[in-house]
Amino acid sequence: MKAKQRLLVISILLTFLICAALITRSYFLKRDVEAAAIYWGMTGDKVYEVQQKLKQWGYYDGPIDGIYGAKTFDAVKKFQAKNGLAVDGVVGKQTAAAMGINLGSTSGGGTSTPSRGGARNEGDVYLLAKAVHGEARGEPYIGKVAVAAVILNRVKDPRFPNTIAGVIYQPGAFTAVSDGQINLTPDEESLRAARDALNGWDPTYGAIYYYNPAKATSSWIWSRPVHIVIGKHHFAK
Amino acid sequence: MRPRLGWIVSGILLVALVITGVWGYNQYMQNLDYNNRTNNLYEKSFYELVGHVNNIETELSKMMVSSDQGQNIRMLSNVWRQAESAGSNLGQLPLRHMALDKTSTFLSQLSDYCRYLTIKAGEGKPITIEEMENLKELYNSCINLANELRFLEDRVNNGAISWQEIRDKGNQSLEDVSDDLVTKQFTKIEETSIKYPTLIYDGPFSDTLLKPKKLNIQGDNIDYKEAEKIAIDFIGKDRVEKASRGAETQGTIQSWGVNLETNDEEGSFYVSVSKKGGKVISVISEGIAQDAQIDYKEAEKIAKDFLDKKGYKDMEITYGQHHDGMAVFNFAFTQDDVIIYPDLIKVKVSLGTGNIVGFEALNYLTAHRNRSIKEPKLSLEEARKLVNKNLDITSERLAIIPSEGGDEILCYEFKGKFGEDNFIVYINADTGKEEDILKILNTDNGTLVI
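Protein chains in written order, with our numbering: chain A, 1 to 237; chain B, 1 to 450.
The reader is advised that the hints may include incorrect statements.
Taking lysine-lysine and the DSS-like style, the derived pairs with C-alpha atoms no more than 30 Å apart in a straight line are [to be verified]:
id, chain 1, residue 1, chain 2, residue 2
1, A, K237, B, K213
2, A, K232, B, K229
3, A, K156, B, K125
4, B, K297, A, K53
5, A, K237, B, K237
6, B, K297, B, K276
7, B, K136, A, K156
8, B, K213, A, K156
Residues of chain A clear of chain B, computed beta-carbon distances all greater than 12 Å [claimed, not checked]:
id, residue
9, A37
10, M42
11, Y59
12, K77
13, G84
14, V87
15, A97
16, A98
17, M99
18, R137
19, I142
20, I182
21, E189
22, R192
23, W220
24, F235
With the Cβ distance kept under 8 Å, some of the chain A side facing chain B (calculated, not the full set) [as the list claims (entries may be wrong)]:
id, residue
25, Q56
26, W57
27, P63
28, Y141
29, Q170
30, G172
31, L184
32, R195
33, W201
34, Y205
Note that these hints are calculated values from the structure, not bench results.
Since the model is a prediction, treat every value here as computed from it, not as a measurement.
For each residue, glycine too, the CB sits at the ideal point set by N, CA and C.
Same shape as in the complex, but just chain B (with noise of 0.2 Å):
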């Protein structure tokens, strides 16, 4: 009897073991498959990304020898392309962002750069001597960054890094100092070889835009019993049942922090004050979702005479969304009839309850200003002449738009259809370039730009 049990408990034993055994060596073979997987991956975008800057390179010699236009252009395209590329390969590599902060921009002010010079030389205008010159530089720090990359890439080829063991380190969250040989190679090209000259031209990485926004706000400086004050009239005396301190923010843009709780379903508030001048700059809600009391015309007046009241005159409403029972609409500033749409209001209403739920002002705030609109020198029938003869053309103004490198632009925003789509172009009013060309979506959550 004894004897027979003990065979029958180291049999079920043995059949436990080989299924453990099985069970282990899939997930053994699983776990092998799936590092195989990613590291394929990291290599891949490794080796396009050093594919990619060796491209460059070569593009940009040829450049330095070519003096035909159409030459040019395809060529500056052909960088641009590339160096987008490599941007967004090297963002897949398992680095340290600090190893790799001056290798991305100057990618991305690479491409930027070669963008703008594409778009200028497709209009006929022929590149300076200082943006040849710009060129040059950019092109000894790329020799420089595929040189450092060949020699990665020896070392990739034969081994001696494993993207595994890089990956594993750069997950042990931000721990100091790595001693992996990448990350030091990167962190060399990054002290040594990338100098890239300032860059003076209107793209959205232009040196210029890297500069912070600062408030335009005259006036004294607050405390934060003023600011509680302000943040509590701006909401409304009657709604805020109670105010505390909330977090306030440091650097370029300064303000106060209050938090609101209110007696109605909205929850609470927080209420951003600038510390200098006592302007309200922003208002974000919790915004709990409520059954559409209002419709959204409705919430559109209640936003705009939320505005008037707060002494945010002359402004326009330029699109508007609704979502989960909350409508959202932009406002610009007009000015002698012309939209400026850099001085923009962001104002949110709740549909439930028809209260004002969220507010945005900071670029109205960092932009706003006394312009002096200068005459345009096309005339409104010249510019209309310089739009697609596609274009049912339903409405027409002056308008100020933002620049991609933060200028502001004087054009005629001409409103039209095409077939069913509806489209705006704008055309510069001194120059007759057309600047840019948006698609409106209406849906059925509102009006969208794109």
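Chain A extracted, bound-state conformation (with noise of 0.2 Å):
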């Protein structure tokens, strides 16, 4: 009886000094991050380079977007199960050598540079992307096309910084960034609502900015002349 219990006992204490153990750990170290790997969640070049193999070999029928999204996942984990290799979704550097990729550097979707309008790259759609993803997720399309015509009219403004990252990152701009939302993996919509963008459509023909009529309280936004009202957003110069 007693044995029983403190066999007890010492079994609960354990349990709650690894779990201590584990959340404490979790706090101090970081988590070792793979290098030179490419897995779910990546852009850039290597991305492209995957897929379009992937889909010449008929593992994959999604776009080839240089974004490393679930239909990429399943197929590289099909590659791998063909190939007897380990299945676990990242191109690490067995699989790359099967796929004859060189892994070498892995970078995201390029530097932008620093001209006023700009650049029209990869990355920059994505980021793009993000921002509307976070900003008008539930809203029509042409509501995040919106957005999205938004944030590139402010990098052309002289009162707005002069760059995409300049603009959606510059503090309190917008909420989505203030409460980490951005860092959702935008859909196919936003992708495309923000290619259009970069194609300059804009059915705002040249707000600054938006607002929730339900949430926005400062009397100084109100004041702006509204160009368009789509879905919950009123969009103002």
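Join these two chains into a complex; the hints should help.
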């Protein structure tokens, strides 16, 4: 009886200690980031290459957009299973070698040139899509294009920073940036909206502000002339 | 038995308390660490801003007494660079946009104006008295700005200003009137000190360019019913299933919005029709990606035929690209064999269905007019001599290109190769100045111009 109880106490204590160790460990140790591998959530030229190869060989039927999403993940797993590799959906050393891809430097979408008007590369499309996804999820498609267009209009406006990243990450400018929603993976619709806006579509014809009248309390923003109302957002100049 | 159980329970609780304590302390330290880091970034931005503005003030004051062209170029390019950096530092401060509006414009215009003067001086042209007067006024504004910033700097230095507090206030979305010192100070700068002259020059922030574009369409005002009919005809009666009223635009570009549901797989369309004259300005659709059934060349022909059918004759394709089963083509107007780039129309075609899924003619509808193109002062041969000898010219023609300031320039357009790369060089047809060089990127997704 006594021995049993002691055992119980010890096991409870042990469980607690292990939990404590795990919790503190996760706070003290940074997760090891696997170097030189291509995995879910990445974007850039290398992902392009992977998608192209997989499509060529019939493993992949999604768009070749340089974004490692669910479809690419599944295709990589299929490829790994077929070729007797460890099936983990990550293009590591061995999988890359089997595909004939040189991992070398896995760059993001490339750097943008700091010119007014921004640069047109996949990195910019992706960043813009992230902002659209964070700010206008659930809005109609033109509402998404409009949000992307407002960001691009700000880049061109002397009163705002002159790069896409500068405008998006301006402190307090967008709520999705402040609360971290911008870090969600953008969906296809946001990517298409971002691309449309970069290609020159702008349903607001030059708006540089938008607000949700149900949430905005500033009398200043109400005083701006409204250009168009799309979904929940009022777009103003 | 009983007391022992009590010991066990309190033992467990004690352990739990210690764990929570350790966890909480870690959280607190981490929080403090992040707070410090963001605060440091704000401070860095602020101090850099102050530094840049001080340097600008010094350089501009030297400009006032210097008479050497070489010196001037050096100082102007310095101001240009420093004002650009100051602007980007300003954008990193956690202040409400309304407080920075004019300061930011001032820095942008100062940077841009100095760039314009640098380029002008670099071409060997003297800076005029009027331009010097403009600089003097900009200098005066700069002195005021620098003074106000120094006052703020003192406050930041002795800890009277906490960026964290300001940031927290700023985060309460767009609440009105804040009473923190920094915002007040910047608002004061806005109200009193920044008077910049109306700058007449040809740059991206020239005052003329800040005026919004206007549609150049003749005709009567139409009502919504007419707009709906125009929108349906534009997309094609056979494709449209349902039409409803969509978002209309106010302001300088006034248009009716029509939402259309189509019977094929492209989903819904938004068509914007000008209230005056009833022209379709743009078409946006959800553009759902489908497997490609037609190739890029076919899509190009579909886009061209569509423009012909809608009355946009003499349009020539300038470049195109495709993504996710959608191809976008840019067309420019041609007149007497001169290609006119400001008159731009974009057409988006679905490679799945071969249907038109996007259209954008705002540039065309604001820029297009009957132009009388003057005889160029330079002949083609004379202009060709001005092109860098390294460029292996493959084609040449006359073109009108938009300038940064919104004007139009008549140029000779030389397309050519240097090694593996393709370039387009624009030589001003009157002055022989090299106006622009573009590099053409032939990617898998089509042709891009940068």
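Evaluated hints:
1. The hinted pair formed by K237 (chain A) and K213 (chain B) meets the criterion: a straight-line CA distance of about 13 Å does not exceed 30 Å.
2. Restraint check for K232 (chain A) and K229 (chain B): the C-alpha separation of about 27 Å stays at or below 30 Å, so the hint holds.
3. At roughly 29 Å between alpha-carbon atoms, K156 (chain A) and K125 (chain B) fall within 30 Å of each other, so this suggested pair holds.
4. A hinted pair counts as satisfied when its Cα atoms are at most 30 Å apart, and K297 (chain B) with K53 (chain A) qualifies at roughly 24 Å.
5. Straight-line distance between C-alpha atoms of K237 (chain A) and K237 (chain B) comes to about 35 Å, which puts the hinted pair past the 30 Å bound.
6. Our distance criterion of 30 Å between C-alpha atoms is broken by K297 (chain B) and K276 (chain B), whose separation comes to about 35 Å.
7. Proposed proximity of K136 (chain B) and K156 (chain A) is supported: the alpha carbons are some 27 Å apart, at most 30 Å.
8. A C-alpha spacing of about 14 Å is found between K213 (chain B) and K156 (chain A), which places the hinted pair at or below 30 Å, so the restraint holds.
9. The beta carbon of A37 (chain A) sits about 24 Å from the closest Cβ of chain B, which is more than 12 Å, so the claim that it is off the interface holds.
10. With 12 Å as the threshold on Cβ separation, the claim that M42 (chain A) sits away from chain B holds: the shortest Cβ distance comes to roughly 19 Å.
11. Listed as outside the interface, Y59 (chain A) is consistent with that label: its C-beta sits roughly 16 Å from the nearest C-beta of chain B, beyond the 12 Å cut-off.
12. Distance check for K77 (chain A) against chain B: the nearest CB is about 23 Å away, which clears 12 Å, and the non-interface claim stands.
13. Every C-beta of chain B lies more than 12 Å from that of G84 (chain A), the closest at about 31 Å, which supports listing it as non-interface.
14. For V87 (chain A), the non-interface assignment is confirmed: its Cβ lies about 27 Å from the closest Cβ of chain B, beyond the 12 Å cut-off.
15. No beta-carbon of chain B is positioned within 12 Å of the beta-carbon of A97 (chain A); the least distance is around 24 Å.
16. With a least beta-carbon separation of about 23 Å from chain B, A98 (chain A) lies farther than 12 Å from that chain, consistent with its non-interface assignment.
17. The beta carbon of M99 (chain A) is kept farther than 12 Å from every beta carbon of chain B, the shortest such distance being approximately 18 Å.
18. For R137 (chain A), the non-interface assignment is confirmed: its Cβ lies about 15 Å from the closest Cβ of chain B, beyond the 12 Å cut-off.
19. Separation of I142 (chain A) from chain B is inadequate, the least Cβ-Cβ distance of about 5 Å not exceeding the 12 Å criterion.
20. No beta-carbon of chain B comes within 12 Å of the beta-carbon of I182 (chain A); the shortest separation is about 15 Å.
21. Some Cβ of chain B comes within 12 Å of the Cβ of E189 (chain A); the nearest lies about 7 Å off, and the non-interface call is violated.
22. Not every CB of chain B lies more than 12 Å from the CB of R192 (chain A), the least distance being 6 Å, so the non-interface label is violated.
23. Not every Cβ of chain B is farther than 12 Å from the Cβ of W220 (chain A); the closest lies at roughly 6 Å, contradicting the non-interface assignment.
24. Taking the minimum C-beta to C-beta distance to chain B, about 9 Å, the non-interface status of F235 (chain A) is violated against the 12 Å cut.
25. For the restraint placing Q56 (chain A) at the interface with chain B, the shortest Cβ-Cβ distance is roughly 13 Å, beyond the 8 Å limit, so the hint is violated.
26. A distance limit of 8 Å between C-beta atoms decides the matter here; for W57 (chain A) the minimum to chain B is near 17 Å, and the interface restraint is violated.
27. Here the hint on P63 (chain A) is kept, as its CB sits about 5 Å from the closest CB of chain B, short of 8 Å.
28. Among the interface hints, the one on Y141 (chain A) holds; its C-beta lies about 5 Å from the nearest C-beta in chain B, closer than the 8 Å criterion.
29. Interface hint at Q170 (chain A): satisfied, since its Cβ lies 5 Å from the closest Cβ of chain B, which is below the 8 Å cut-off.
30. At about 4 Å, the closest approach between the beta carbon of G172 (chain A) and any beta carbon in chain B falls short of 8 Å, and the interface hint on this residue holds.
31. At a threshold of 8 Å, the smallest CB-CB gap from L184 (chain A) to chain B is about 20 Å, leaving the interface hint violated.
32. The interface hint given for R195 (chain A) is met, as the beta carbon of that residue sits about 6 Å from the closest beta carbon of chain B, less than 8 Å.
33. Against a cut-off of 8 Å between C-beta atoms, the interface hint on W201 (chain A) holds, since the closest Cβ of chain B lies about 5 Å away.
34. At a threshold of 8 Å, the smallest CB-CB gap from Y205 (chain A) to chain B is about 4 Å, leaving the interface hint in force.
Consistency with the previously given hints fails for numbers 5, 6, 19, 21, 22, 23, 24, 25, 26, 31, ordered from lowest to highest.
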